[in-house]
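Trainee: Chains A and B, in that order, are what the protein sequence lines are. In terms of the numbering used here, the first sequence opens at residue 2 and continues consecutively. In terms of the numbering used here, the second sequence opens at residue 2 and continues consecutively.
Derived by calculation from the structure, the hints in this document are not laboratory data. Please note: incorrect hints may appear among the correct ones.
Identical chains share a label here; the pair holds if one copy fits it or two copies do between them.
Stated by the list, open to error - Each computed DSS-like pair below joins lysine-lysine, with the alpha-carbon atoms no more than 30 Å apart:
1. Lys12 / Lys71
2. Lys17 / Lys78
3. Lys78 / Lys47
4. Lys12 / Lys78
5. Lys12 / Lys47
Protein chains: 2
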Amino acid sequence: MILEVAILDVKKGEEKNFESAFSRAQIIISSMEGYISHQLKNCIEKPNRYILLVNWETIENHTIGFRESKQYQEWQKLLHHFYDPFPEVHHYTDISSR
Amino acid sequence: MILEVAILDVKKGEEKNFESAFSRAQIIISSMEGYISHQLKNCIEKPNRYILLVNWETIENHTIGFRESKQYQEWQKLLHHFYDPFPEVHHYTDISSR
Chain A
2 MILEVAILDV KKGEEKNFES AFSRAQIIIS SMEGYISHQL KNCIEKPNRY ILLVNWETIE
62 NHTIGFRESK QYQEWQKLLH HFYDPFPEVH HYTDISSR
Chain B
2 MILEVAILDV KKGEEKNFES AFSRAQIIIS SMEGYISHQL KNCIEKPNRY ILLVNWETIE
62 NHTIGFRESK QYQEWQKLLH HFYDPFPEVH HYTDISSR
């Protein structure tokens, strides 16, 4: 199992619109092959910051299966315009399973 | 419930020593009041990067209860010398529970 981690800085004033768009977008990611679960959480110290944590079966389920899908076009359209700067995304694995 | 998130960049070559020190340090954090659960994971793209995720009942359980405790002195001694740069730590809350 792989954890995708994205720290999302949303343009100030757009937080509510982002949350509303995300509530639609999460239906897309949840339907992808290899998707296990996700959480979106809001930063206490920086109210326009969010963290998206997604568990995938394999890294390729995210980097190929999702990012090269038609559904990703829709995800992008819903969410990417909210980000400033555009987020770096990293993948993490359990220490014990390396 | 509050999620503490720390992205930990460990000095290159010190990864195994850090993991071994962390396996001792996790006993300390797990015994603190308000601690719920934690995960330490290793970054695939940057092998000397880790993410520490800790669930606490309240933010004060971490920022006051843990950081002002005697046990934190021990935690620091075990772990802080591995980090470069010294990590920023943020706290996140569920969107729906704000």
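Trainee: Hint by hint, where does the structure go against what was stated? Just the numbers, ascending.
Mentor: No numbers; nothing is violated.
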